[in-house]
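Take the two lone chains and join them into the complex the hints point to.
Chains as they are written, first to last, in my numbering: chain E, 86 to 451; chain H, 73 to 304.
No lab work stands behind these hints: they were computed from the structure.
Virtual Cβ for every residue (Gly too), placed ideally from N, Cα, C.
Honestly, I wouldn't trust all of these hints.
Each computed BS3-like pair below joins lysine-lysine, with the alpha-carbon atoms no more than 25 Å apart [claimed, not checked]:
no., chain 1, residue 1, chain 2, residue 2
1, H, 222, E, 218
2, H, 201, E, 101
3, E, 152, E, 302
4, H, 201, E, 192
5, E, 192, H, 225
6, E, 143, H, 127
7, H, 225, E, 218
8, E, 101, H, 127
The following residues of chain E were derived to be distant from chain H, with all beta-carbon distances above 12 Å [claimed, not checked]:
no., residue
9, 204
10, 265
11, 399
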Amino acid sequence: MTESIPILETKNIQVKRGGTIILNISSLLIQKGEILSLIGPNGAGKTTLLQSLSYLLKPFEGDIFFKGKRVNQNHSIFEYRRKLAAVFQEPLLFDTTVFENVASGLKIRRMNRSEIRERVMDHLEQFGINHLKDRSARTLSGGEAQRTSLARAFAIQPEILFLDEPFASLDPPTRESLMGDLQRALLETKTTTIFATHDRFEALILSNRIAVMNLGKIVQIGSPDEVMNHPIDEFVASFVGVETILMGKVVKKNGGTFVTSVSSKEIEAVGEAQLGEEVILCIRPENVILSSPPSKELTSARNVFPGRVEKITSLGLYQKVQLNCGFPLVAYVTHHSLESLSLKEEKTVIASFKATAIHVVRRKGK
Amino acid sequence: MALIFEGIKKAFWLLITCDPEVMRITFLSLQVSGTATLISLFIGISIGTTVALSKFPGRRMVVSLINTGMGLPPVVVGLFVTIFLWRNGPLGFFGILYTPGAMIIAQTVIASPIVMGITLAAIQHLPEKLRLQILALGATRIQMVWILIKEAKLPLLAAMMAGFGGVISEVGASIMVGGNIKGYSRVLTTATVMETSRGNFDIAIALGIILLVLAYFINLILTQIQQRERPR
Numbered sequence: 086m087t088e089s090i091p092i093l094e095t096k097n098i099q100v101k102r103g104g105t106i107i108l109n110i111s112s113l114l115i116q117k118g119e120i121l122s123l124i125g126p127n128g129a130g131k132t133t134l135l136q137s138l139s140y141l142l143k144p145f146e147g148d149i150f151f152k153g154k155r156v157n158q159n160h161s162i163f164e165y166r167r168k169l170a171a172v173f174q175e176p177l178l179f180d181t182t183v184f185e186n187v188a189s190g191l192k193i194r195r196m197n198r199s200e201i202r203e204r205v206m207d208h209l210e211q212f213g214i215n216h217l218k219d220r221s222a223r224t225l226s227g228g229e230a231q232r233t234s235l236a237r238a239f240a241i242q243p244e245i246l247f248l249d250e251p252f253a254s255l256d257p258p259t260r261e262s263l264m265g266d267l268q269r270a271l272l273e274t275k276t277t278t279i280f281a282t283h284d285r286f287e288a289l290i291l292s293n294r295i296a297v298m299n300l301g302k303i304v305q306i307g308s309p310d311e312v313m314n315h316p317i318d319e320f321v322a323s324f325v326g327v328e329t330i331l332m333g334k335v336v337k338k339n340g341g342t343f344v345t346s347v348s349s350k351e352i353e354a355v356g357e358a359q360l361g362e363e364v365i366l367c368i369r370p371e372n373v374i375l376s377s378p379p380s381k382e383l384t385s386a387r388n389v390f391p392g393r394v395e396k397i398t399s400l401g402l403y404q405k406v407q408l409n410c411g412f413p414l415v416a417y418v419t420h421h422s423l424e425s426l427s428l429k430e431e432k433t434v435i436a437s438f439k440a441t442a443i444h445v446v447r448r449k450g451k
Numbered sequence: 073m074a075l076i077f078e079g080i081k082k083a084f085w086l087l088i089t090c091d092p093e094v095m096r097i098t099f100l101s102l103q104v105s106g107t108a109t110l111i112s113l114f115i116g117i118s119i120g121t122t123v124a125l126s127k128f129p130g131r132r133m134v135v136s137l138i139n140t141g142m143g144l145p146p147v148v149v150g151l152f153v154t155i156f157l158w159r160n161g162p163l164g165f166f167g168i169l170y171t172p173g174a175m176i177i178a179q180t181v182i183a184s185p186i187v188m189g190i191t192l193a194a195i196q197h198l199p200e201k202l203r204l205q206i207l208a209l210g211a212t213r214i215q216m217v218w219i220l221i222k223e224a225k226l227p228l229l230a231a232m233m234a235g236f237g238g239v240i241s242e243v244g245a246s247i248m249v250g251g252n253i254k255g256y257s258r259v260l261t262t263a264t265v266m267e268t269s270r271g272n273f274d275i276a277i278a279l280g281i282i283l284l285v286l287a288y289f290i291n292l293i294l295t296q297i298q299q300r301e302r303p304r
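Just chain H, same shape as in the assembly (with noise of 0.2 Å):
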């Protein structure tokens, strides 16, 4: 009890003083996880949307493969995108394996599935004759889609603090492909493992506290978009 005790106040302390390691490893996780969240965003809605408003052969099974991607574990996703920016892979010649750009993949195909899903299951929600409606007022197909996007927002912004709340909180992925080289690819995640692992609970959980108050706060601001929307 002590333990827990003394390391909460260790972890308010190096929050209290600012400590520049602390602070690095903050700024990094914001950097790599908003950046992938971002591109996934991207992907994911186009892709979702696409599959939404399309009919074609295969057409469940592509949708189950999405679904089952949403659920897709870290250490599976480390493993590939490890093998395939290893020296001999076939994505090697970049030379990107243990950088935060690594990082950055590894999370944009963790996150790309969960804003996919969302998103497919928020468009295919909206009326069916919505669709019709928006190109009976005259809508282009690019119209009616951003239209339909607009539409579907609250999900989306669902969507988006999943994808964000999946890749923030993720170890696995960012522990393999981005090495957690001090000062360079260290993460809260990543950074939280090894203290704990060398018995520093003091500083896991600084950064646990970290971890959570900013997975917090982004929630928060989304939401806050989110509500906002919401007409009373």
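This is chain E alone, in the form it adopts within the complex (with noise of 0.2 Å):
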């Protein structure tokens, strides 16, 4: 594809609350078909963000410009508002049917009847929900008010999609399978999406690009790969890697177990993926063993690697050690164990964990 002119760009955003400033983001851009999550703690800046960004919070300063076109100047607010949906972490369903909830933003648009009709039906389908349409949407359960919103928004077929942690209120079945029928919608309609979370699954499973925000500044953004696997600083490093999340692709295929590179490091896992696929995979700092560097003795672990230790935090009856192996690895050891391996900060020792430790998340997918 040839470069071109951003969706969504931002220049100098910033929205202040009693004086002080809660949002500062200087400058964003969202290509089409872009999936981007924010992420970070509670109070970082997401919901103002998005709210800005699809200007439902009237009172900031910045300029926001939808293809090129300056919003509020070359573009209406209510132009570009019909151009976008939303989401929240509340359905906010309308006390009517599935159908007629479905239909509103149709509706709102004045679309003829048989053309709202067939178009409800498909996206109720596409949630599978279209058994539910007659029933009043008061007495839905909660995954299924959040799909029936979800069909609401992307019954506009909208240019692009906000959503506001969508999934933080359902109970985590619900919230997976939703999340497949989600990944799903948005690869087949390919919508431009800004997704904001503060579960990092949610956005390494969904997004090609992730910014990392906290105090209402974007701290880092990058793809997956490189949040991930390369935080900025240690605000980064603490939120996306409590434990040992990286991204990876397939380069090996060994009967039952298949191999990933990550930053140029080779992982064994247990599980099925696709060469060429990429992977996320988690390990626990539980199953992290650590020894002295002479010992290289063979053990069952099939990922040995050399590393420094970066940092050691104590975590009351345990210690929490970060170590630099070429990507990062949280491990945790007892004060005994801390004793007797003499481990200090610059120090290299030797991290393995068992291909089986490891917890693999395909991105793509079925």
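Set out below in structure tokens:
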């Protein structure tokens, strides 16, 4: 694809509340079809940024350009909003049937009845809720309601979709199945999406780019690989690396196991994956074993890497050791092990973990 | 006791025979209070929604005023409407004092703050993000307000019942601005007051029963609509 005008561009967005700046984004470029996740702790400014970008939060400074044209100058705010759709944490459904809810955005646009019917039915099916079409929205479960809300947003066929923690109040199984449906819908429609979440997994599974936010600023923005494997500072590292999460590409298959290349190191994991596929590897810190450098004795661990101790933090009963093995790795050790290995910062140790200890997440759905 | 019993008997007789005077009074009551309720719905919902959705200095004071207005004493309303419509008053040139028109005005003044106050609370009670969601669906401001009103329809029907209940049972203002003129501005409440003062308890009881039955049936119809809307 040739370099095209970004679908959304912002310049010097600033939001103040009571004299203090709560959001300060110097620039942000979003290309058509891109899925950008905003991650960060509560209060980082994710929602404020989403609401500013969608012009739902009025008193902000700065400019937003939609396809190169300035909103509120070349485009009216109203015209701009008609190109968007938003889904919030709460489903915010209207007190009517599921069908009417999904149709609401189209009715607002005064589309003709037969067209509305056709489109609503398509999107009810897309989210597996056609059997609920005549049900009152007030009687739906949390998952069903959020599916309706997503179907309502997709029915508009927006050019940009804003998702503000849409799964935050759902239970894990519902969240997982809804994520799958959303992922499929996004792949099918190639809708440009900005997705705020505090769940790193959701961000990793869905997005092409991740922006880590803190205190109203974007601290780091880049591909999932860059952000997860090369956090720019301690905040990003601590936010994305409570446990080790690595992005890798499958380079070899080995009957039940496969080898992924992570920052030019090879890590072996158990599971099914295609050659060339991008996968997310999650390693729990308690599954990483540390030993002193000369001892490279044979163990059942398939992954053994020398690494430098970057930081040791006490977590009460045990210590958290952050290592740099060419990729970041976190291990938990007891005080006793810390002493017997005489671990300290800058020291080199051998880290090992079994192929079976890696939790593999495949990025592209089925 | 015999007096009450006798009264109830006479009341039923008047009702069964469809006494023309009683019927005329009943229809005028419905006409005046119905019209006043409709006008106050228009005023109350428009202003109530506007105040609920806007931010301006002194908003709290306005909201307090509306809430105070919900309990406006009818005699005070009657007094001021009389002064305004008095021959030498600011609106005296209309010449409508002691007419059903004057009663509609007074009852509208009583019912509007009731509808306004309930509308204000109902719209404010909707989730704040619902407004953002409606705008994000591409609605114009007018479409947004209309959708919000539809979302608040259950409390708005309650506002309608409260407004109608307030004016159909009101006597002070009606007697002051309507004058209780036989065959012209006599309504159920003013007639009940007059007949009671004359000692005609049977007619007064009949009028009282009609008033209660009327209020009951109108509320029954509105409740039916309201409860039908409630999802099962």
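What's the verdict on residue 222(H) and residue 218(E), does the C-alpha distance respect the 25 Å limit or exceed it? Holds: residue 222(H) and residue 218(E) sit about 20 Å apart, inside 25 Å.
So if I understand the rule, the pair passes when the alpha-carbon distance is 25 Å or less; does residue 201(H) with residue 101(E) pass? holds, 20 Å
Pair hint residue 225(H) and residue 218(E), alpha-carbon separation not exceeding 25 Å: Measuring from Cα to Cα gives roughly 22 Å; hence the hint holds.
Would the non-interface assignment of residue 399(E) survive a Cβ cutoff of 12 Å against chain H? It holds; residue 399(E) is separated from chain H by about 41 Å at its closest Cβ, greater than 12 Å.
For a C-alpha distance cap of 25 Å, please report whether residue 152(E) and residue 302(E) respect it. Cα-Cα ~24 Å, so holds.
Proposed proximity, residue 225(H) with residue 192(E) (alpha carbon, max 25 Å): holds, 19 Å
Measure nothing beyond the straight line between the CA atoms of residue 201(H) and residue 192(E); if it is 25 Å or shorter, mark the hint as holding. Holds, at roughly 20 Å.
12 Å Cβ clearance of residue 265(E) from chain H: holds, 24 Å
Holds or violated: are the alpha carbons of residue 143(E) and residue 127(H) at most 25 Å from each other? Roughly 13 Å between the alpha carbons, so the hint for residue 143(E) and residue 127(H) holds.
Distance restraint between residue 101(E) and residue 127(H), which requires alpha-carbon spacing of 25 Å or less: holds, 18 Å
Confirm or reject the statement that residue 204(E) sits farther than 12 Å, beta carbon to beta carbon, from all of chain H. Holds, since 14 Å exceeds 12 Å.
When the structure is compared with the earlier hints, no violation turns up for any of them.
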